[in-house]
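Enquirer: If you read the sequences in order, they're chains H and A.
Using the numbering used here, read the first sequence as starting at 566 and increasing by one per residue.
Using the numbering used here, read the second sequence as starting at 566 and increasing by one per residue.
Just so you know, the hints here were simulated from the structure itself, not pulled from any lab data.
As a list, the in silico DSS-like pairs of lysine-lysine whose alpha-carbon atoms are at most 27 Å apart: (1) A:K1013 x A:K1178; (2) A:K1154 x H:K1178; (3) A:K1224 x H:K1154; (4) H:K1200 x A:K1013; (5) A:K1160 x H:K1178; (6) H:K1224 x A:K1224; (7) A:K1200 x H:K1013; (8) H:K1178 x A:K1178; (9) H:K587 x A:K1200; (10) H:K914 x H:K1101; (11) A:K608 x A:K739; (12) H:K962 x H:K739; (13) H:K1160 x A:K1160; (14) H:K608 x H:K797; (15) A:K1178 x H:K1154; (16) H:K864 x H:K608; (17) H:K951 x H:K888; (18) A:K1224 x H:K1178; (19) H:K1224 x A:K1154; (20) A:K801 x A:K962.
To give an idea of the interface, some chain H residues facing chain A are shown, with a C-beta separation under 7 Å as derived from the structure: (21) S590; (22) R656; (23) G726; (24) T753; (25) I754; (26) Y773; (27) D941; (28) H967; (29) T1046; (30) G1175; (31) K1200.
Idealized CB from N, CA, C, for every residue including glycine.
Protein chains: 2
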Amino acid sequence: MNTIDKLSIDTIRILSAEAIQKANSGHPGMPIGAAPIAYAIWKNMNHNPKDPSWRGRDRFILSAGHASMLEYSLLHLYGYDVSMDDIKQFRQLGSKTPGHPEFGHTCGVEATTGPLGQGFAMAVGMAIAESHLAAKFNRAGFNVVDNYTYVLTGDGCMEEGVSGEAASLAGTLKLNKLIAVYDRNRITIEGSTDLAFSENVAARFGAYGWQVITVDDGNDLDSIENALHLAKRQDKPTLIIVDTKIAYGSPKEGMNSAHGSPLGEENIRLMKQKLGFDYDEPFTVPAQVYANFSRLAEKCAEPQSAHAQLMKAYKTAFPALYKEWEEYHAPVDVESLINDREFAEFDEKVATRAASGKILNLLARHIPNMFGGSADLAPSNVTEIKGEGYYSPDSPKNRNIHFGIREFAMAAICNGIMLYGGLHAYCATFLVFADYLKPALRLSALMKLPVIYVLTHDSIGVGEDGPTHQPIEQLASLRATPNTRVFRPADGKETSAAYMSALNADCPTVLALSRQGLPTLEATSFEAMRGGYVIKAADGAPDVILIASGSEVELALKAAPVLEEKGIRTQVVSMPCTELFDAQSDEYKESVLPKAVRARVSIEAASSFGWQKYTGLDGANVSLDTFGASAPAGKLFELFGFTVQNVVDTAIRTVDSLK
Amino acid sequence: MNTIDKLSIDTIRILSAEAIQKANSGHPGMPIGAAPIAYAIWKNMNHNPKDPSWRGRDRFILSAGHASMLEYSLLHLYGYDVSMDDIKQFRQLGSKTPGHPEFGHTCGVEATTGPLGQGFAMAVGMAIAESHLAAKFNRAGFNVVDNYTYVLTGDGCMEEGVSGEAASLAGTLKLNKLIAVYDRNRITIEGSTDLAFSENVAARFGAYGWQVITVDDGNDLDSIENALHLAKRQDKPTLIIVDTKIAYGSPKEGMNSAHGSPLGEENIRLMKQKLGFDYDEPFTVPAQVYANFSRLAEKCAEPQSAHAQLMKAYKTAFPALYKEWEEYHAPVDVESLINDREFAEFDEKVATRAASGKILNLLARHIPNMFGGSADLAPSNVTEIKGEGYYSPDSPKNRNIHFGIREFAMAAICNGIMLYGGLHAYCATFLVFADYLKPALRLSALMKLPVIYVLTHDSIGVGEDGPTHQPIEQLASLRATPNTRVFRPADGKETSAAYMSALNADCPTVLALSRQGLPTLEATSFEAMRGGYVIKAADGAPDVILIASGSEVELALKAAPVLEEKGIRTQVVSMPCTELFDAQSDEYKESVLPKAVRARVSIEAASSFGWQKYTGLDGANVSLDTFGASAPAGKLFELFGFTVQNVVDTAIRTVDSLK
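Here chain H stands alone, though its shape is the one from the complex:
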């Protein structure tokens, strides 16, 4: 390693350790041990600190998000909008340098990471997006989409199942522009990886169909760079395994205590001494190091001007394609879609999953950059875009994706696709298996990505498959998640409303859809985009309000005339999306749920958990707070009280109890 490379790498090590020391909190071990790896990657990446959102840039994801200071050090040194003051504010309130990298918060950070394994899977998503867009837009001599995706992982990411799921798919898909670098320091919090992780990772990735390159010495910059070059010469993804020492050069080298706690000032002093870093003052960046990074930043930004030239020529040569390219990156014109009558027309009776299938196919015609699929349940989820074929190494232009039976990786991959830009990602499975993908959905929410989750078979309507396949608590779990919209539409029209609400949102949207056929209701409309609305008003001030969602709206509408016959004035509210309803004005909410009316009954074939927000201490909930059972759906709805009779009885009891 030459002198300036070494000094630059040591600066990253020490800057990271010092910031963590000042914060008295953080993970110094990996930034110190993996500094040469990150240095090598960034040196070889195309990116431009002056234009961090340049579309042609290579992507870098720090999957081992706890090593955040490694990324912040690089961002600072390369001249991104992360100042030395920001570095000194590591992990402090409101700083640009939070504990784990946060997309949308710190310029240059491509993905929010920390929950292990997901950064890896998001990188797979980015590589899928790149290859799909390249197939769509590139023409001979015009590789307008042409970048690599780099992901830096640690032992933790490798142990998590989600990275295995994603790696297996990446191998099948031959994502040759995906380069994963594994900082193998063989130390986790509880000690050596031998304790729980003795597998041969290289052989495992070979089995997935990856090229695997091993670098024995984590300080051998040339070998790392050489491996990065070799990675680009294959028709498959590459894993570069680099053996490193956690907290290299410090007295805590090789120790698990270096993973998640500051080294201590004395240890930093000793590390500086050992590395030959002659600057006592904390947060010192030698001038020649700044100069080196400045030179590197200029060099790595060079491809951008060439790319700008290329895009200009492309615009002339392929004006129609260029227009499409612009459209791919523009928001959807939702207004015009809402005015399109197709989205409001459904058969007399249709399962909302089937309505969703119709809408998705209509949308695919209007929005050419819809891209997604199911975790092997496409026929059940009704998510196939017809006539489009499936994305594969031989046909990367196709818009349907076979994710395989990998719900978690699927959702993380969709996050990666959205992060890449230019595409609208959706994914699908059964609602009950939202549990399998939830950690990735949480990151969609945190990153404000409008991934659409098509989750069908939304209740005991699942029927015979029984309690393992019947969601009970999933709606509550998803509704409780910040910045997430959960839509449980009553019919096709409300399903359209859900999609319209989802498209330009700054949050993910869950569509909870029925397996069974539901009647197309007269009173439903795009008003559903308000989250909750009156679909049957009472004649005068209501005596009772029935609040229902999804398949149970029909029940409420059927119960209403029975109650009215008994002289109970009944208002029926369809509440497909509580989050959107909560965001309405107080006046609007009062019109839907007048405060004075305390007799309120919620009806939803799922846990009552959370409905008391609307029904209060005096209301009642027609709900299912135990697990379901295996039987034909009709029998189950009856067994568990989802009948007109039970709704009527419950409403009467509620009204009576308030007299």
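With chain H's structure known, arrange chain A on it following the hints.
Expert: Just chain A now, with coordinates in the frame of chain H:
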């Protein structure tokens, strides 16, 4: 294959297809294709249909739970308590033959399966339990614990990340009595596995450290049986890959349409013809087949009498060990633990995670069969049983487990350990990563297994690690799950109460524990086992009730005197476990939360979702309904309003709004 074997296997195929046909629902493809595999396994297993809970039996898990009819057919034919009428009632309300196998519901079913990959991981747990108990109890000439665990998986189980996590750990742990058989029919719902799953599974499992045996022809019974014998001659786990044809012998052979829909009557007729099965009448079991299974049942039950003899001799030879053996299988004497003062004594200030560590270590002394660990966070979760060492191939007797960074597999493995019997399993990670393990926790709940989930770092008290590590919606998500107790104790004493409540429960218990120190409160006690209780009564009828959990109970107690000074009579309720509170008598609940008092304020540093059940339409929630942030914990509590001042202000506003 000899005639009777073939006829027996074909009977399984046809019985399964016919039951699915009658139900007009189910998954015929795998039962038909994998019938020889299951036949071979059961033929070679030690088990006794007349005593299905015999402790020395080999375990069988159908990880591909959708092939339930395969298991029901075998249970019926072997003479378990599954009659032909039960078979005819497949997937009907209340039958013994639900859509997916359910533990505790159908005699002979060892685990509830269906959510893919988890059966495999539970089998790993069973094999861990077996080796641990064997190390503890076996003596030369007395292998009182000595059984194999068989798990039958399909392509889906192999694609799910959780099986990879569990397989990697099983390899590290050299679980040589674990035999996985992979029915590789290469067909999933969306089509050929080539579409999304082209990896080399054999090489992958080799990389994990497994023996891998491949059988090319799924109808080659001898080769399958031979592989089962070879599996027993290794010091590592074995994967037997058997290439089969989905729906073998039927016109839908090799087609994905055979996976999840009945074959159709005509196809069953044609299948019978092709297989040479000469019985037109549905649900026919030829007499010679019943005779064959009867003979097999007797043979496979033979080891039980030998084992009974062995146990008798063991009792004489090792009376103390035998007594321990009995104790391992008896409920815990919780009453006597509660009366043990050690469990009520804590320092003035202690994080509940640290209190939990103390309690766990005390319990480990009283309960020798506590067995568990963390997903690589033991130092943070404070879950190590001190002086016990770690379970490993060299020291299987040790009681701490290194699960590795594999939350999902960890929880599924704990389910397997509990299912095996004789052990109390616990596992640990951060509360926010409950999301990663939730699908297995759901199965704990469904199977009524009292797994203890030690989930620390339970709020923004996490501090600097930031929003990816700060739980918000997790408490709501877990509370909404049926048959699950979520405890968020206010101090050490309530943490003890949580453990006491958990030990003999017929449900899993989540302990949500603080990272930060909390004062040991004067008013807390084992009353916490009622879920919610008054820890500060008002002087007379209360004007306001403050309901808090965990770290926020202190806040409520501090706010009370401030409110009282202003003439507002304040009752403070500690509510560590809403599920237990809900189960109390109406009188008790009225004493804690009098209906007449509408001014109620919940205080919990997490989503308000669900708290309105107790605070109603007139109450208020001091809560956090957005994601957190990265900063020192103290700053975050202040920023998000978890201050005495805000609690006081909120209470006053609530009281005033009702005037």
